[in-house]
Amino acid sequence: MSEAVMNLRSRGGRRATSWILAAIGLAIIIVAPLIGLYPVFLMKLMCFALFACAFNLMLGYVGLLSFGHAAFFGMGAYVAGHAVKVWGVTTVLGIFGGAVVAGIMGLVFGAIAIRQKGIYFAMITLALAQMVYFFCLQAPFTHGEDGIQGIPRGTILGLVDLRNSLAMYYFVAAIFLAGFLVVYRTIHSPFGQTLKGIRENEARMVSLGYPVARFKVLAFTISATLTGLAGATKAIVFQTATLTDVHWHMSGEVVLMTLIGGMGTIFGPVVGAGIIITLQNYLATMGSWVTVVMGTIFVICVLTFRRGVVGEILARLK
Amino acid sequence: MRLTKLALATTALVGLATGAAQAEISDGVIKIGVLNDRSGLYADLSGEGSVVAARMAVEDFGGDLQVEILSADHQNKPDVGSSIARQWIDQDGVDLIIDVPTSSVALAVQQVTSDTDTAFISSGAATTALTNDQCAPTFVHWTYDTYALSVGTGKAVVEQGGDSWFFLTADYAFGHQLEADTKRVVEENGGQVVGQVRHPLSTTDFSSFLLQAQSSGAKVIGLANAGGDTTNAIKQANSFGIVQGGQQLAALLGFITDVHALGLDVAQGLTLTTGFYWDRTDESREFSERFGERMNGQMPTMVHAGVYSAVAHYLKAAAEIDDDGGKAVVDQMKTVPVNDFFAENGEIRADGRMIHDMYLVQVKTPEESEKPWDYYNILATIPAAEAFQPLEQSTCSLVTN
Amino acid sequence: MSDRPAILEVRDLHAWYGESHILHGVNFAVGEGEVVSLLGRNGAGKTTTLRAIMGLVGRRTGAIKHRGDEIVSLTPDRIARRGIAYCPEERGIFASLTVEENLMLPPVVQPGGLPVEEIYELFPNLKERRTGASGTRLSGGEQQMLAIGRILRTGAKLLLLDEPTEGLAPVIVQQIGASVRRLRDLGFTILLVEQNFHFAARLADRHYVIEHGVVVDRYSRDDINQRMGELNKLLGV
Amino acid sequence: MTGFILETEGLTKQFAGFVAVKDVHLKVREGTIHALIGPNGAGKTTCFNLITKFLQPSAGTIRYDGKDITKAAPHDVAQDGLVRSFQISAVFPHLTALENVRLALQRPTGLSFRFWKAEHVLESLNERARDLLEAVGLSEFVETPAVSLPYGRKRALEIATTLALEPKVMLLDEPMAGMGHEDIARVSALIRKVSKDRTVLMVEHNLEVVADLSDTITVLQRGQILAEGTYEEVSRNEEVRQAYMGTGDE
Amino acid sequence: MQTILGIPAPLLFGQLLIGLINGAFYALLSLGLAVIFGVLNVINFAHGALYMMGAFVGWFLLTHLGIGYWPALVLAPLVVGAIGIVIERTMLSRLYDLDHLYGLLLTFGLALIIEGLFINYYGVSGQPYAPPQALQGGYNLGFMFLPAYRGWVIVASLIVCFGTWLLIERTQLGAYLRAAVERPELVRAFGINVPLMMTLTYGFAVALAGFAGILAAPVYTVSPIMGQNLIIVVFAIVVIGGLGSILGSIVTGLGIGLVEGLTRTFWPEASSTVVFVIMAIVLILRPHGLFGRPRE
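Protein chains in written order, with our numbering: chain B, 1 to 318; chain L, 1 to 401; chain A, 1 to 237; chain S, 1 to 250; chain R, 1 to 296.
Treat the hints with care, since some could be wrong.
[Unchecked claim] Far from chain R, some chain A residues (derived; all Cβ distances over 10 angstroms):
(1) 24
(2) 33
(3) 72
(4) 81
[Claimed, not checked] Listed below are the simulated SDA-like cross-link pairs for lysine to any residue, each with C-alpha atoms no more than 20 angstroms apart in a straight line:
(5) S:71 to S:45
(6) B:117 to R:142
(7) B:318 to S:145
(8) L:364 to L:248
(9) L:327 to L:244
(10) L:235 to R:280
(11) L:235 to R:62
(12) L:235 to R:41
(13) L:235 to R:287
(14) B:44 to B:26
(15) L:219 to L:244
(16) S:196 to S:165
(17) L:235 to R:86
(18) B:117 to R:287
(19) S:27 to S:12
(20) B:117 to R:138
(21) L:364 to L:243
(22) S:71 to B:117
Treat the hints as calculated values from the structure; they're not laboratory data.
Think of the CB as a built atom: it goes at the ideal place given N, C-alpha and C, for glycine as much as any other residue.
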C-alpha cells in the first residue's frame, strides 16, 4: 500500500503548487454558495472531505488502514447532537465535545489495535467499530433506530444565527479549513517527519530509540479527533445523528473517497470526497444502484487505478 | 435514495391548457413527493403501491391543476428521509410530502416540513407523537395510529380472555409507542403485562426473542412491530410451536399484504385492527379493483387507500383556495369533512388527526376464503370517536394553546 | 564444458527481484551425472541463480535449456514437472506437516524416483523420527536430510541444492557429503551452491565462481589446488 | 583495564521447536571492537536481536552499562545508547540522506511529538547532519534520496545515522555484507574511526575484516559459544577451524 | 419451574441451543474465511455476500425451476463456488503481489456490488423459503421445542466442518494446502500448480459460504442483507480464533454462538456486543488469537 504512496512524494516546486491550489480552493469555497450551488450539498461535501482528510492521515501517512472510522464519525455526531439538543450547550461547544469524545475513543482503540499491522489492523478496527455500532443501537441517548433528530443549529456565541444556511455554510467552511490545516500541519511537522520514518522503516525507527507505538497512537488520536469533528459538524448541518453515521458502510465510503482521490496526497481525499458525494447526489435517482456503482468504482480503483485521481495527476506531472 | 420523477405528459399532468389563473400556486405546479420504503420491510405495504394510489388520485381529481408526482425511497432511515425531504423542498419546490411509513422517519420529516411551511400527510406512520408533542400546523395524520391499533386489538384480545401479555417490540419510536399504548389498553381492561423484549428493525432471527416470550408464560404475545418483522415473527413462532404450546399471538399492526405473505395456513385466526378493507363496500371494491389492475392484482393496504384519500382531499383543498402553502392548505382541509370510499364523515381535528371509523377483523381460515385476497371477517366497527385519542388528551400545542 | 551431454545450460541469464537487478548475464552448463558447484560470497547471486532456474524470481531473461528445451518462460511447477528438484537454503521444512508428510509431500513427477525405503537407508535418522510430530522439531542436520530426502522420491534427475551444510556440525556435514556422493553414484546430476568451499571442493567435478551476478571464473577439480590462493581471495575467505 | 559494558548471562532463545541461542555468556569490554562470528545459522543475528530487545529471551539476563535490561523495551535501550544496525541496509529509502540523519538527530530533541510545529524547526539540525554525512564521506549526496545511493554508500549513511545518536555501544550486523573490496576498505576505516571512544559489537563474515578490526572475537556455533579470544587465539583453535572453514569429510 | 441464577432453566438451555445453531453458521463461515486467509492471504469481505447468494440460489432454484431443497443443498454451493472461481481468476489473482489490504478492499467492493444488485431486484424485506417436508415439525426436548430443521442445521454444519478439517489435516491434498500456506513458492517448485490450487481453494471456501447460505435459507428469510452484519461478527471470530487457524475457527465459531446465547439469557442488551468485547480482550492478552501461532 505504501509503495504507491511513496512514489507520489516529490520535493521542490510542490510547495508553490500547493499554495496556488490552496488559494484556488479557498476562492472556490468562498464563492460556491454565492453562484447558486446548493449550500446543504456543499456543507455535506466539506464534512466528508474533512472526514477523508482525517482518515488519510492514518492510511496515507502512517500506512495503516482503519476500517472503523465510522465509529468516530458517528460518535462525534451523536455527542454533538445530544449535547446541543438535550443539554442545551452552544453549537460550538457541542461540536468541540463531539471531537473530544471521538479523540478519546481513538486513543482507546489505538491502544488496543496499534500493535497490529495491515489486514489485522483493518479487521480489528472494523470489529471495534461494529461494537460501537451495536452500542449506539442500544444506548438510550442515541435513540436507536430513530437517531437524534431535530438538533437545533443554534448560534455562534449568540451572534450569528446558524439557521441561515449561508451563515451555516461559512461556519462549516471555517471548520473544514481549520481541520484541513491541522492535517496539513501534522504532515509537515517534526511529528509528521517521524511518521514518515515509521512508514519507511519501522524497525530502524525503534533502533533509533523511537517509541513507535506511541507515535502511531497519537496519529490515530489526531485522526479520530478530526473525524469526530467532521461527524459533529455534519450532525449540526443536517440536524440529525443516526445509525447511518456509525455503520460500517460509512467506514467503507471514506476508504473509497481516499482511494479514488489518491491516498497519501494532501488534496486527494478532498477530491475523492467531492467525486463520491457528487456522484451519490446525481445517482440518487438510481436507488440502490448507488451501492452497485460505489462497489464498481471500488473494484476498478483497486484493480487499475491505485494511485487515485490526484496521485495520477502528480505522477504525470513528475 | 430513489427519486423517480414521473413524466407528467400522460398521467399526472392535468389541465395543461387552463393553467392561467394560478398566481398563488408557486411555480404553477403542485408537486407531491411520495416518500416511503421502496426496498425494505415496509415496501409491500407502502412502496410503489402508494405512488400508484397518489397517481390515481391525481387522475381522478381531474381539475385544472398542474400536478407532478415525485417519489423516493427513504430506506427507513431518518437521516435519508429528512435529507430527501429537505432537498425536495429546497430544490424541487415540493408542496406536499405524503405517506412516510416508519415513525422515526416521519418525525424527522415533520421537523423539515414544519420549518418550511410544507404540507405533510402521513398515511404509513403510526406514532401518535406526530399529533401530540411533535404536532405541526402543516401536518395531517391520515390512516391509523398506535392508539387506534391498541384500542382495537388490545381491547378485543383482553375481552376474549387474553389477560397476560408479553411484548415483542420493534426498537424504535413506533414500536415503543405501540407497546405503551397497548399496555395502557390492556391494563385498563383488567389485563397485565408480564414483560417485553426489544428487537432491532429488520430482524431476521426471532428465535431467542420468541424463547423469552415463551418462557414468560404470558397468554398473549403482542407483536409491536410491522411489515416484514411481523411476518417473520409469526412464521418463526409457528416453527417453534408457540401457538401449539398454548400461547396466542397478537399482531398489533397487520396489513393485508402481511397476511398474503404468510398465507392463510399460518395467519388464520389472527385478530387485527385496520382502517380499510377492500371488500367492505362497493366503493372500496371499485377503487381496489382499479388499483389491482395496476399492481398485478394486489389489493390495496390501508396505507395505499389512505394515500389516495389524502391526496384527493389535499387537491380539493388546494384548488379551493388556490394556494400551496403548507399551513394554508391544511387549514382548508380541516374545514371540510372527508367523504369517500376510505372514510365516511372523516374529520381532521385541530391536532392534525384525521378521525374515521376503524375495523376489528379476523383472518379467515383457508376454507372460508372464497376468492383471491378474501382474507378478513370484519368483527366490529370501532367508531371514530372511540378509535382515536380524545382531543382533550392531546398534548399538541395547537390544541393546548 | 564437460565431455558429457549438457542436462542444463544457462546462457546470459538476467534476473530481477522487483526493481533490483540481481543477475547480470550468468553463463554455465551442467553435464549429465555431474556435480557442479556455484561459489561466491554472500549476496553474489548464487542463490538467485538457483531460484532463477526454478522460476522463483520476479523476472528473468536469457536462456535456460534443460535437456535441450528452453524453460526460461515456464512456471515453477512446469519446470519441476520436467524433473528438476530444488532444495532451498533454509531447507523449507513445513512446520504444519509431520516428518512423514514432509517426506511424502513433493509429487512424483517422473518414474524412477528412489523408493522410500532407500531414502531411509540413505538417511537412517529420518526413519527413527518419521512418526514424530512437526517437521521442524528435527535438528538442523535431520532437517537437511529430510529436505534432500524428499526430493529424491519424485523421480527428478537434476537436483539443485542450496547450501546443504549451512550451520551444521562437522560430523553432520560429513554425513551429508557422503550422501551427496551416493546420489552422484546413483546417477543424479547435482548443482550445488556452497559457502563451505572445502566441502564443495571435495564433491564437485567443476566449480563456477559468481560475483556481482556474473560468472567470473571456472575451475575444474584439478585446478583447485594450484589456484587456491586466487580462489581464496575471490571468495573473501 | 576497563570494565564490561555489555554482558549476557545464560542467554537462551527458543523458537517453536528449536533453540536458536543457548546459554550464551558474552562479555563485551568497554571501548573495544568485539566481533561475533560463526557459520550461517549459528545464532549471531538472534543474539543481536536479543541484546537490542527486538526479541525477548527465553532465559538468561542481559546487563548493559551496569543495568539489567532483560525486560526493557527496544526503544528504551536505544535511548540509553545501545544502537544497532541491520543486516539488510536500514535506511529510510524515500528520504534524502540529510533527512535520514536528521531523523536520528531529531529524536533526543523532544520535537518528535510536536505535530503543531512547522517542519522547518528541524532545519536547525541540518548543520550537524551535514557534518555527520561528511564524516562518512557522503557530502556530495546530502540531497540524494537514500534509495538511489549505491550499496556501500547506504551502509555509510546507516552508520552516520547511528552515529547521530552518539551511541555508547554500536551493534553492527554484517556491515560488509555484499560489498566490493573498495567499499570494504572504506567502511572498515570508518568503523575504526568511529570506534575511537565507543564500543562496537559486530557480526561479520569477512574474516579479513574481522582480523583487521577486532580486539576480541567470539565464535558461535549452533547457538553456543565455541571459542573466544583474539584473532590469533581463535584462528589457532582446531574446533573453530573445522566449524568455520569446514573440513569436508573423512 | 427450575431456575439457574434466577433464570428459568428452559430459557437458559433454549438460548444455549439457539446459540449453538448460530454458532454452526459462524463456524461454517469463519472456516471458509480462515482457509482463504491461510492460502491466499486475503480477507474475503465478500464472504457475507456470497453466503447470501447461496441462499438466493436455493430460493431461485425453488421458485423458478422448481428444484427443491435437497438438490439445492448441493447445487447452491457449486454455483457459488463457480462464481468464486471467476472472481479469483479475473480479479483477486491480480493482486497477490500487492499489499494484502488490496484484497480486502477489492472484496469489499464486490460485496457492495453483489448486495446492491440483489437489493435492487429483491428489496431487503426477504423471500420466504420453507424447510423441506422431511424436516418440518420438531421435537419437544422438555426445556424447549426444537424445530427439526434447526437440529439438522447443527448436524449438517458439524459434518461439513469436520469433513473440511479432515480434508485439510489428513489428506495429501490437505498437506499441499498446509504446505502452500507456509511456503507457496517452494510448493510450486515441487511441481504443484499453486495458482490453480489457490483458485480451487477460494472456490471451495466460498462454496462453504454458499452451503451456509442454503442451510440458512429456511431458518432466516432469504434477504440480500442477511450476510451484511454477520460477516463482521465472523471477522471478529476469526481474529479471536487466530487468523488462518482451521480448528480455531471452527471451535471459536461454535463457542461464540454459545457465549452469545448465554449473554442473551443474562444480559440481552449486550448480546450483539459481547463478541467484540471478547475480541478486544483476546487481542490484549493473546495478540495472535486463541489458536493462532505467533507471527514473526
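Original post:
Taken at face value, is the distance from the CA of residue 86 of chain R to the CA of residue 235 of chain L at most 20 angstroms?
Top reply: violated, 37 angstroms
Original post:
Does the claim that residue 24 of chain A lies outside the interface with chain R hold up, using a Cβ gap greater than 10 angstroms?
Top reply: Given that every Cβ of chain R is farther than 10 angstroms from that of residue 24 of chain A, nearest at about 23 angstroms, it holds.
Original post:
Is the straight-line distance between the alpha-carbon of residue 235 of chain L and that of residue 41 of chain R 20 angstroms or less?
Top reply: violated, 41 angstroms
Subject >> Pair hint outcome, residue 117 of chain B versus residue 287 of chain R [Cα-Cα no greater than 20 angstroms] >> reply: holds, 11 angstroms
Original post:
Does the structure keep residue 117 of chain B and residue 138 of chain R at a Cα separation of 20 angstroms or less?
Top reply: Violated, at roughly 48 angstroms.
**OP:** Compute the least Cβ-Cβ separation between residue 72 of chain A and chain R, then decide whether it is above 10 angstroms.
**Re:** Nearest chain R Cβ is 15 angstroms from residue 72 of chain A, so the label holds.
Subject >> Given pair status - residue 62 of chain R, residue 235 of chain L, alpha carbons within 20 angstroms >> reply: Between residue 235 of chain L and residue 62 of chain R the Cα gap is close to 19 angstroms, so the pair holds against 20 angstroms.
**OP:** Assess, step by step, whether the Cα of residue 235 of chain L is no farther than 20 angstroms from the Cα of residue 287 of chain R, and give holds or violated.
**Re:** violated, 43 angstroms
Original post:
Taken at face value, is the distance from the CA of residue 280 of chain R to the CA of residue 235 of chain L at most 20 angstroms?
Top reply: violated, 37 angstroms
Original post:
Would the pair residue 71 of chain S and residue 45 of chain S pass a check requiring their Cα atoms to be no farther apart than 20 angstroms?
Top reply: holds, 19 angstroms
**OP:** Verify that the Cβ of residue 81 of chain A lies farther than 10 angstroms from every Cβ atom of chain R, and report whether the claim holds or is violated.
**Re:** Given that some Cβ of chain R is not farther than 10 angstroms from that of residue 81 of chain A, nearest at about 5 angstroms, it is violated.
**OP:** Sort out whether residue 145 of chain S lies within 20 angstroms of residue 318 of chain B, counting only the CA atoms.
**Re:** holds, 16 angstroms
Hints 4, 6, 9, 10, 12, 13, 17, 20, 22 from the earlier list are contradicted by this structure; the remaining hints agree with it.
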